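S.K.: Sequence lines, in order, name chains R and D.
Using the working numbering, you'd call the opening residue of the first sequence number 1 and step up by one each time.
Using the working numbering, you'd call the opening residue of the second sequence number 401 and step up by one each time.
No wet-lab data here; the hints were simulated from the structure.
All of these numbers come straight from a predicted model, not from anything done at the bench.
Any given hint could be a false lead.
Computed list of lysine to aspartate or glutamate pairs in DMTMM-like fashion (alpha-carbon distance at most 20 Å, straight line) [to be verified]:
| hint | chain 1 | residue 1 | chain 2 | residue 2 |
| --- | --- | --- | --- | --- |
| 1 | D | LYS660 | D | GLU564 |
| 2 | R | LYS202 | R | ASP72 |
| 3 | D | LYS553 | D | ASP485 |
| 4 | D | LYS561 | D | ASP485 |
| 5 | D | LYS817 | R | GLU395 |
| 6 | R | LYS90 | R | ASP72 |
| 7 | R | LYS45 | R | GLU395 |
| 8 | R | LYS391 | D | ASP714 |
| 9 | D | LYS553 | D | ASP522 |
| 10 | R | LYS202 | R | ASP300 |
| 11 | D | LYS713 | D | ASP723 |
| 12 | R | LYS391 | D | ASP640 |
| 13 | R | LYS391 | D | ASP485 |
| 14 | R | LYS391 | D | GLU596 |
| 15 | D | LYS553 | D | GLU581 |
| 16 | R | LYS273 | R | ASP359 |
| 17 | D | LYS520 | D | ASP548 |
| 18 | D | LYS817 | R | ASP399 |
If you only want the chain D side, here are some residues facing chain R, beta carbon under 10 Å, derived [claimed, not checked]:
| hint | residue |
| --- | --- |
| 19 | ASN411 |
| 20 | PHE412 |
| 21 | TRP419 |
| 22 | PRO706 |
| 23 | PHE739 |
| 24 | GLY744 |
| 25 | TYR745 |
| 26 | PRO795 |
| 27 | ARG798 |
| 28 | TYR799 |
| 29 | TRP803 |
| 30 | LYS817 |
| 31 | SER818 |
| 32 | PRO824 |
| 33 | GLN827 |
| 34 | PHE828 |
Between beta-carbon pairs, the in silico distance windows are [to be verified]:
| hint | chain 1 | residue 1 | chain 2 | residue 2 | range |
| --- | --- | --- | --- | --- | --- |
| 35 | D | LEU406 | R | LYS326 | 43 to 49 Å |
| 36 | R | LEU328 | D | GLN538 | 58 to 64 Å |
| 37 | D | TYR780 | R | SER203 | 56 to 62 Å |
| 38 | R | PRO332 | D | ASN655 | 37 to 43 Å |
| 39 | D | PHE439 | R | LEU206 | 55 to 61 Å |
| 40 | R | ASP271 | D | LEU406 | 36 to 42 Å |
Built from N, CA and C at the ideal position, the CB exists for glycine as well.
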Amino acid sequence: MKKYIALSGVLTVFLLIFFWSDISFPEWKKPVIGLDGGFDDWGGKTFLADGRGGAAVNGDLKAIFWGTRENDQRLYFMVERFSPGNAGSKMACRVYFDVNSNGSYEDAIDKYAEVVYSPGRDGEVEVSLYSVAGDHVNTYSGNWGESVREGGRRFELAISMEDLNVFPAQPVRFYISGAGSGADRLPDQGDVLWMPFPVVTKSRSLIALGFLIWCAAIAFFYRHRIWIFYYIVAAVGFTYISILLLRGSFLEYQMENLVGLLMRHILNFMDIKTNVFDKAPGTILVLIEVDRSWTTIDIDIESSGLLEMCILLGLLLFYPGYSIFKRLLFSPLAVFIVFVINLMRVMVVITIIHWGGRDMIFLSHTLFGRIVFFILIVALYWHLFTRPTLKIVREYVSDG
Amino acid sequence: MDEVFLERTLNFLLFWGVWLLAPLMFDISTAIVYFISLFLHSYKAQPVPELTFYPGVTIVVPVYNSTGNLYQCLRSILYQSYPVDCLHVICVDNGSRDNSFEVFQGFQAKHQELAVSWTKLDRPGKSRALNAGLYSGQGSYLCNLDSDTTLDKDAIMQVIKTFENDPSLVAATGTIRVDKELGNNFGFMDIVNYCEVIEYLIAFDVGRRYQTLTNTLFTLSGAFSVFRRDIILQSFMYQDRTLAEDTDLTFYIRNAVKNKNARIGSISSAVAFVEPIESLSRLYSQRVRWQRGEIEVASICFGNIPNAFQAVKDFTGRILISDHTQAFSRLTWTFLIPFLYFLGYSLPLVVISMIGLFLCYLLLDTAYFLVAYKSVNKAYRQDLKKIWWIVFFLPVYRYFSYWFRMSGILMALTELKSWQVENPVTQFTRALKSYKFW
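Generate coordinates for the entire structure from the input sequences, incorporating the hints supplied.
M.R.: Structure representation (structure tokens):
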């Protein structure tokens with residue numbers, strides 16, 4: 001009976017902390033972008049900036065920011081132009097999308113968005129999406145707010161991913177250009193590669209409920225020694241719950257930043273030029289040696305190693321043959337090694353892109369990087385699971 | 401749109417499916433090595449010359465509650481093409497509580513041309529029974545045969561011909577086939593049994609043949625194996641320290657003859673038939689035992705348990721990486737790929753990727769099936785043709801088999817050794833019933 005009371009106490013404390021942390025640490029959440037005239041939410045987002053000149057006054061681009069928003073399948077952009085005072089002049093520009101990310105903007109699937117911004121009318125923006133052939137797809141408009149700050153005038157817009165035919169985490173390329181010949185362009189050469197992956201979160205109460213059911217199921221299977229169900233529920237459930245909690249969290253953000261910053265320092269030693277954004281260090285800019293252009297690599301929950309850590313911890317913490325001591329000893333060690341293995345993987349990916357060029361992005365990210373990661377992780381699993389298991393089994397077999 | 405969707409699905413599959421695809425690549429590359437070596441070997445294979453002299457063979461049949469099968473087993477020995485007067489059968493009873501002895505008596509009274517003797521042990525245990533029989537055996541060759549196994553009429557002849565023609569061969573396993581009539585019934589257990597038929601076919605006609613070529617045979621089947629008598633008597637014989645006494649013995653013999661240019665192999669022309677599995681519970685129990693036995697034997701076969709890089713170089717290490725190490729990541733990823741839907745991936749994408757994964761495994765199983773099909777005789781091919789559609793079930797069967805083996809991995813660390821284990825569904829319902837509210 002005492003055991004059950006203690007267990008319930010631990011669970012209650014956990015749940016209290018869980019809900020309390022959300023109320024007490026609002027800064028732990030990433031800022032949420034909205035089409036609301038507030039521009040502080042763009043603080044942690046990736047952007048490209050351009051110098052003054054090179055186009056007509058009302059079409060001279062200063063910067064473009066891009067990002068996604070939780071539980072929202074739209075691509076958000078914030079455009080900033082020079083000439084803050086020139087309130088009366090409309091600004092027209094186009095955002096071109098290479099939807100299949102093959103380097104050509106002429107394919108039937110590719111699209112462009114015609115953007116018209118009318119300053120001084122509470123950020124009136126009209127966005128019309130067209131296919132390359134000129135077929136109209138959709139129009140979005142509204143008074144989404146504007147802001148004038150030192151040297152520039154800003155407005156924001158959003159485009160539906162569904163209309164663009166972009167699936168989550170699909171690589172797309174884009175650039176923005178002013179209307180007419182001789183218009184400004186951002187970036188000046190090449191384009192931006194982006195894998196937009198909007199965070200999808202579940203409600204906290206639902207996660208808490210799932211957590212309680214999960215605890216009960218584990219206790220049930222463990223007590224009745226139904227090991228296969230126990231292990232599936234425990235290990236997989238742990239991974240599910242931790243991913244749901246970590247996705248879009250402060251920890252994920254910090255982890256991505258850490259990987260980004262470490263990567264930059266390590267690659268610097270190898271003479272591979274990279275940059276990280278001061279305000280969004282989870283994004284690494286890689287200089288491509290082939291055409292001396294830049295591309296971005298986003299460090300997300302997967303490439304920060306966080307996902308693999310959740311999986312490994314689930315498998316390790318609930319592996320029934322190990323003592324508590326062994327689990328507690330192995331867990332931090334495993335997390336650290338996964339972190340290092342992941343750094344090696346990202347390093348391989350960036351090195352290949354740096355020397356091999358834009359066309360190698362897919363191969364390096366999906367194949368080479370994953371193969372390196374896979375081989376090292378299997379080696380790690382051998383040392384965390386197979387080898388210790390063999391030692392334990394060997395003891396009891398030898399003892400008869 | 402479709403084009404991008406397909407491309408996207410492929411990327412998704414390659415990127416997220418890597419944990420399920422990479423073990424598959426491991427299997428496919430193994431399969432390719434198998435296929436190439438077997439193809440090359442089929443050109444080199446020489447016909448085995450006929451025997452001019454028939455050495456004595458002792459067949460040891462451990463008996464444990466074998467009323468139903470013993471008669472068939474003994475009869476299959478009687479009808480061997482090998483001269484009956486060169487055969488001696490020893491039935492070793494290790495604690496039967498049924499009418500096995502009466503079956504033996506009935507057979508002996510009817511067929512006095514075959515020398516059959518009966519030994520009774522006071523303690524149970526298959527290893528003890530086998531050892532007792534092996535010690536009392538005469539002749540140059542000792543053979544063990546399970547009482548629920550029947551021999552093809554040329555089995556002993558083929559085995560002895562191969563041994564006599566190859567002095568380096570010290571022990572060999574016969575080819576085990578599942579004795580199931582193919583293509584007439586379509587019940588649930590029939591489908592499971594057909595899968596079992598193909599599984600054995602692949603294991604013996606592809607897997608073991610390859611292991612024979614590379615002298616890396618993992619298990620001399622407990623159902624039907626033959627040894628040179630002097631070799632087996634030098635070994636510790638069968639031991640009951642693990643759940644896989646046949647694999648344990650195989651490793652022991654291999655170590656004992658390591659430096660003597662000796663080989664352990666499988667003889668594909670010597671066929672024995674086993675009964676198909678009766679129920680899913682039995683299948684579960686069997687797979688748990690196999691997996692646990694594999695880990696137990698592997699744990700004692702290494703002098704020092706190797707690190708990951710040494711393990712890759714060793715064939716037992718490679719088997720463990722495939723069956724044990726990768727089983728862990730496979731466990732989570734099987735559930736994580738559907739879960740990606742909740743992280744924002746589109747449902748059709750996830751579903752089509754899962755179908756894609758199934759197709760990859762289907763392709764692998766079809767390739768194995770075809771190679772195994774090519775290697776059997778014409779009559780059996782005709783039978784196999786009747787159940788060609790079973791390839792679509794093989795990935796599912798393989799998948800369930802994986803979970804059963806995963807259970808074996810866990811039970812190796814949590815439960816005492818046991819030949820039969822209760823299946824988790826029965827355990828679950830029993831556990832529920834133990835609560836009052838139920």
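S.K.: A separate judgement is required for each hint: does it hold in the structure or not?
M.R.: Now for the hints, and whether the structure bears them out:
1. LYS660/D to GLU564/D: With a Cα-Cα distance of about 17 Å, the restraint between LYS660/D and GLU564/D holds, given a limit of 20 Å.
2. LYS202/R to ASP72/R: holds (13 Å)
3. LYS553/D to ASP485/D: Distance of about 15 Å is within 20 Å: holds.
4. LYS561/D to ASP485/D: The given pair, whose Cα atoms are some 17 Å apart, holds under the 20 Å limit.
5. LYS817/D to GLU395/R: holds (14 Å)
6. LYS90/R to ASP72/R: violated (29 Å)
7. LYS45/R to GLU395/R: Violated, at about 55 Å.
8. LYS391/R to ASP714/D: Measuring from Cα to Cα gives roughly 17 Å; hence the hint holds.
9. LYS553/D to ASP522/D: At roughly 33 Å apart (the allowed maximum being 20 Å), ASP522/D and LYS553/D break the hint.
10. LYS202/R to ASP300/R: Holds, at roughly 18 Å.
11. LYS713/D to ASP723/D: Since the Cα atoms of LYS713/D and ASP723/D sit roughly 16 Å apart, the hinted pair holds (cutoff 20 Å).
12. LYS391/R to ASP640/D: holds (19 Å)
13. LYS391/R to ASP485/D: violated (49 Å)
14. LYS391/R to GLU596/D: violated (33 Å)
15. LYS553/D to GLU581/D: holds (18 Å)
16. LYS273/R to ASP359/R: Judged against 20 Å, a Cα distance of about 18 Å means the pair holds.
17. LYS520/D to ASP548/D: holds (18 Å)
18. LYS817/D to ASP399/R: Holds - the C-alpha atoms of ASP399/R and LYS817/D are around 13 Å apart, at most 20 Å.
19. ASN411: Nearest chain R Cβ about 6 Å off; hint holds.
20. PHE412: Status holds, d = 8 Å.
21. TRP419: holds (7 Å)
22. PRO706: Since the shortest Cβ distance to chain R is 8 Å, the answer is holds.
23. PHE739: holds (6 Å)
24. GLY744: holds (4 Å)
25. TYR745: holds (6 Å)
26. PRO795: violated (19 Å)
27. ARG798: Violated, about 17 Å.
28. TYR799: violated (14 Å)
29. TRP803: holds (7 Å)
30. LYS817: Holds - the Cβ of LYS817/D comes within 10 Å of chain R, reaching about 9 Å at its closest.
31. SER818: Violated, because the Cβ-Cβ distance from SER818/D to chain R comes to roughly 13 Å (cut-off 10 Å).
32. PRO824: holds (5 Å)
33. GLN827: With a minimum Cβ separation of about 5 Å from chain R (threshold 10 Å), the hint on GLN827/D holds.
34. PHE828: holds (6 Å)
35. LEU406/D to LYS326/R: 43 to 49 Å: holds (46 Å)
36. LEU328/R to GLN538/D: 58 to 64 Å: With Cβ atoms ~60 Å apart, the hint holds.
37. TYR780/D to SER203/R: 56 to 62 Å: Given a distance of about 59 Å, which is inside 56 to 62 Å, the answer is holds.
38. PRO332/R to ASN655/D: 37 to 43 Å: holds (39 Å)
39. PHE439/D to LEU206/R: 55 to 61 Å: Cβ of PHE439/D to Cβ of LEU206/R: about 56 Å, so the range 55 to 61 Å holds.
40. ASP271/R to LEU406/D: 36 to 42 Å: Hint holds: Cβ distance 39 Å, inside 36 to 42 Å.
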